[in-house]
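Q: Chain by chain, the residues run as shown.
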Amino acid sequence: MAVTLHLPRPPDLNSSSSTDSSSLNRSVNRSVRVAEIVRRKTEAKDSLVAALKYFAEVEAGTPVQGNDELERNLVSVERVAYSKGLSPEAISVMLEFAMSLRMGTSPCVRVLKCLLPTTVVPHQAVVRAVVWLCVGKLPISTQVVFIKWVLTVFDMIDAKDHLRAIYGFLFSFVTEENLCPYICHLLYLLTRKESVRLFRVRKLLELQSKLGKQPFLLHLLSLYKVFCPELVTLSLPSRMRAGFRNYNGPWKSALIAIQKRNTGQVSSDLPLALETMERSGSRKRKLGHMDLPALTPVVQIQTQTSYNKAVVPLAHINSFVKLLENLHLIELPAQMGSLLGSSLALQYLDCVQDESAFLRLNFWLGHALHEEFLFCGHGGASHSTDEVVKFLERLLSSQHFLQEGFSSTEAFLYKFLNVWDGSLLRPQILGLLSSIPVVPSSCIGRLLFEPLMQLFLTSTLFFKCGLIDSLNGMLVKWLTWHSVYAREDGLDISLNSHTSMNMSLSGFMHSVMELVQFVGRLASMGLQLEGCHSLLLSFVLDFYDTVCDMFRKYGLPLLVMPPVGVFYPALFATDSVSVDRLAQIMYRYKINLTSAKKQEKQTEQAFHISRQTYLEFNRYLVFMVNCLWNSKVFQPGTAVELSEELLLRSRVPQYKASFDLIHHPAFLGHAVDFHRKCWPEKREVDLNSIKPSKVWGWYLEYLFTQGFDGLKQFIQSNISWRPSSASGAKTTDTDLEK
Amino acid sequence: MCRCSVFCWKICCYMRSSQTDFLRSVVVVSFLFHRVHNTSNACDDDDDDDDDDDDDDGGGGDDDDDDDDDDDDADDDNDDAAVLSGVLVQRRSRQSYRSYVGSHLGFTPGFPQRRLTTSRVAARGRRGARAPGGRGAAEASPAQLALLAREWQLSYVTPLYRFRHDQLRSYARQLGAFLAAETRRGEAAEAGLEDGLKVSITLVAGMAQTEEDADAVFIQMHSKRQFAAPDDPHKLAWSGWLACVGGDADYLRSLPPDFVCLPLLGASGAEGLTALVKAWFRRTFDCCFGPLEINSVNLQWLAALWTDCHAQTSIQQLKLVWSLPVEPPLQVTYTVHPQDAWELWESVRQPGERGEEDVGEEEGEEDGSIAIEEVARFIKGLQSHFYRHFRVELSAERLTQVSTALGAAKHSGRLKISNSSYMITTLTLLTECALLKMPI
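Heads up: the protein sequence lines correspond to chains Z and C, in order.
FYI, my numbering numbers position 246 of the first sequence as 288, with every residue one higher than the one before it.
FYI, my numbering numbers position 360 of the second sequence as 399, with every residue one higher than the one before it.
Bound conformation, chain Z alone:
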């Protein structure tokens, strides 16, 4: 009981009034209307000053009944309070007046009700009021009103540490039956680890046995349990309401109104809670392996370790700032699985280096996934998919946040892909699939490609698209890993930030190569099976969008050309978008290959892009230019050869030109459009009239304005062409040939 209190002196009222008058002087020159308002304001202020002076100096024992002066002053204080709120000094004065009972109990509640702070509540005032509370003359109902008021303005008290210093005094009020719920709430807000003591725990338990299971006691006890799990054991009933009731009755709305008026904004009163997850409400589910465990601190059993190291359980961290401050002291929770439930915890998980922690997390995660999808011996079908979806979504978002897949997810997927029907929870599973870290090329086939191939070949178009997309995501992640973790010598990359395992660059390149070739095979077959469906083609081209930039964007000396089963369907696609994207991809390939070549000449590197790739690229390029530009498709010596006879038998006139930019099925519509615009009077459409080089140039311009940027880049980079020259064109790709 040796706490010394700093009793505040009555604040200096004169100083505040002098600043008011100076502000008045400044506003003299304004318009009359404004001046009137200001005058009224100052009047109010003056009356407030007078009122405060009255309340500060009124003598004890002054009668209340028929006291007009009191009434007048109180009204003026109320008017200001409800319109603008009271300054800290005013709060101090009024609180002191009310709690000291200088004029008895009757104006007390009325005063308390109008104690609406503008900015902050000085802690001295609150401490002093608690002192008056300890005197014990206040009626219980007034005490309750006071504590409720403290709870309401709690966030506005300027220095709460001083309140914590009188924790013991406040605690002594819990025995007061009517006051208990509010005191518990206040204690809940003030409790620190130091304040949890065995005698307090015992007192609360004693109260509990007297009052029964009161939520306020349980909440306070559960907080004690968070701080000192070794002192109290408790399990909250599942249906208990979260948090305390809001006791802020008369003040809250008025406070919000004042804040709005003063600052134009309302500070959100939502506490930044660590726990973002809600307990699952369904009672039906027996097996809880899909539930995230609660974030609970470790119960200290080995007492010798608990006190010599100041650790902060993660459950105590409730803001990012606190997380940063205590980053080196944080103790992991009892169940690692709980980390997935909160975003703050995930932030922390990102910096955890402890391998055991990850192993724990992986055991839990793997167990949940295995039980749900692989072992499901207990009527797995009865599980509500909602919960599973929620679980997987959370897992996905965690992995996304960490930018890294968990190894247990990976191990699970290798098994699950073998039994998956391709439709169960497709988006989630494909999402998990795309975050599989780099798989060594020695086992990638057996672990991934075999099951995926089977699924791919026997599934619908939408699954095919989804799978290609997912593999594209996987490739992007691998390449990103490479570019982030690649060591400076360029030969070793650490695969995973949490392991010390490294993978050589050649191993990584092999894996990437395998993946790209696998997708190439899948895409070729898929396009064949689905009749070159443009949706599938679009996903495939997405994939090659990634592939063609591997050198420039990710610094990987590896380029793989699309297989013929992808290239030709894209080139002969009936939609111009696909052709345009193919042109774009070819353009990117060219840029990558030329810069690779340049680099190769400059520096001696261990890895080169193979000559085969250049040859392949050139073959494609020549064919593409011949086909779209030179009208020399199916020429002997190019990639696609058909015998003259056969072509003649097909009776297609001008078959050589049938895939040029005019006659290509994807561009035919544009050509006709162009023709109409050029010669609106002509009835017959003669597409060959576009051929002359001048018109051809216009036609190209027209196409470029239609948004075919890929085509534009392709043509500009590969074909040197002047409108003046004859329609002949030549490719300039010879420099690429080795």
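None of these hints come from the bench; they were simulated from the model.
Certain hints may be false.
What the hints assert, rightly or not - Cross-link-like lysine to aspartate or glutamate pairs, in silico, DMTMM-like; alpha carbons within 25 Å at most: (1) C:K237 to Z:E272; (2) C:K317 to Z:D333; (3) Z:K252 to C:E221; (4) Z:K698 to Z:D728; (5) C:K237 to Z:E248; (6) C:K317 to Z:E373; (7) Z:K364 to Z:D200; (8) Z:K639 to Z:D591; (9) C:K317 to Z:E414; (10) C:K317 to Z:D591; (11) Z:K632 to Z:D591; (12) Z:K255 to C:E221; (13) C:K263 to Z:D333; (14) C:K317 to Z:E429; (15) Z:K519 to Z:E572; (16) Z:K294 to Z:E429; (17) Z:K640 to Z:E687; (18) Z:K245 to C:E413.
The model shown is predicted, which means the values in this text are computed figures rather than measured ones.
Since the structure of chain Z is already known, use the hints to place chain C on it.
A: For chain C alone, kept in the frame of chain Z given last:
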């Protein structure tokens, strides 16, 4: 839901088989026909302990059959088994995944080869080695004896984080407080002051077989009766044990030192208490529990292992229960005279792989390894005998229960061990099953 009437008749045929001289069997076959009045609820028939079996029909049924294939294939090293099913593939990929994870995933170096071993030490061989005097069951410690004569519901447990064998007393106190808090849900309690249940956690010595095995732990809960005299014995409310017997050394070694692997939990007592104990373990040691079924292959193993002991300790009878996936569900209880079982076992053992050079040498077998082929032959022999007489092909059915005087095991994961001498062998097998269930 209608209860079903059970038609049961027993065909007792005392037969002396002329074709096969090894089966002079007293075969008691009892068919249990479950005739269901309401066919829509056909699967809800119940024998006393069949509930679990029926529950598992969805996923478990396939598992077992495929496990047969799997293990057969394993021996031939035939990876091109045509059956593509969950468990088959799962196990194969796990095995192949092992080498991969070992080299690739940093934190589990040396991923163990986790599949059922194809040969294991016979119980008698081990006992002979350990107790040359052949004192039989007398060597078991009292703590081990506590594991006998009760039926245990098995679960697998992922490794316990920061479990310490020197803290058992403190764990007992906490578990007691936890149980108290949970039973009086919503009422806080001071830690360490439990009432109601008295929990004790003790060490079971002599269960660990290798360096890597962690010592087994035995948990007991005695309820205090309110009006009991002070010297009244407390009633045992729940008991359970956690054990690791002959676990895969590579796997155990691959775990960081913070982890203690006790993969097998046996629980006996109220379900609610089991759930609470599991919850406490989950919370305290960050582990996970899952049901451990004993599939056909493992039941066959147990049948063979127990039969193998007959020379030392009489197994009284070998009882096998098959469930037939027909409508209405049919159950075949196949009881074999111990002597017949023994002779059949001997006959499949004799011309084994140990080669012609030491045919008939009992000593050669005393080294005590039993191969899976022998088990398969043994079961096949039993099944073909049954087929010869009843024209029911048991090999297509699911073995759900095996019992002898030494112990009994059910597909649902219920286990009873009656003789301490052979406990280790049984638990080694089950530890292996539990380790197979580990997620990583």
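Q: It remains to establish, for every hint, whether it holds in the given structure.
A: Hint-by-hint comparison with the structure:
Restraint check for K237 of chain C and E272 of chain Z: satisfied, since their Cα atoms lie roughly 19 Å apart, inside the 25 Å limit. Restraint check: the Cα-Cα separation between K317 of chain C and D333 of chain Z comes to about 15 Å, which is no more than 25 Å; the hinted pair holds. Our distance criterion of 25 Å between C-alpha atoms is met by K252 of chain Z and E221 of chain C, whose separation comes to about 20 Å. Restraint check for K698 of chain Z and D728 of chain Z: the C-alpha separation of about 17 Å stays at or below 25 Å, so the hint holds.
Pair hint K237 of chain C plus E248 of chain Z holds up; C-alpha atoms about 23 Å apart against a cutoff of 25 Å. Under the criterion of a C-alpha separation no larger than 25 Å, the hint pairing K317 of chain C with E373 of chain Z is consistent with the structure, at around 24 Å. At roughly 19 Å between alpha-carbon atoms, K364 of chain Z and D200 of chain Z fall within 25 Å of each other, so this suggested pair holds. A C-alpha spacing of about 14 Å is found between K639 of chain Z and D591 of chain Z, which places the hinted pair at or below 25 Å, so the restraint holds.
Simply put, K317 of chain C and E414 of chain Z have alpha-carbon atoms about 18 Å apart, close enough for the 25 Å limit, and the pair holds. The straight-line distance between the Cα atoms of K317 of chain C and D591 of chain Z is roughly 52 Å, outside the 25 Å bound, and the hint therefore fails. Restraint check for K632 of chain Z and D591 of chain Z: satisfied, since their Cα atoms lie roughly 10 Å apart, inside the 25 Å limit. About 14 Å separates the Cα atoms of K255 of chain Z and E221 of chain C, which keeps this hinted pair within 25 Å; it holds.
Of the pairs offered as hints, the one joining K263 of chain C and D333 of chain Z is violated, with about 34 Å between alpha carbons and a cut-off of 25 Å exceeded. At roughly 22 Å between alpha-carbon atoms, K317 of chain C and E429 of chain Z fall within 25 Å of each other, so this suggested pair holds. About 28 Å separates the Cα atoms of K519 of chain Z and E572 of chain Z, which puts this hinted pair outside 25 Å; it is violated. With a C-alpha separation of about 37 Å, the suggested pairing of K294 of chain Z with E429 of chain Z is violated against the 25 Å cut-off.
As the CA atoms of K640 of chain Z and E687 of chain Z are separated by approximately 45 Å, the hinted pair breaks the 25 Å bound. Between K245 of chain Z and E413 of chain C the alpha-carbon distance is near 69 Å, which puts this suggested pair outside the 25 Å criterion.
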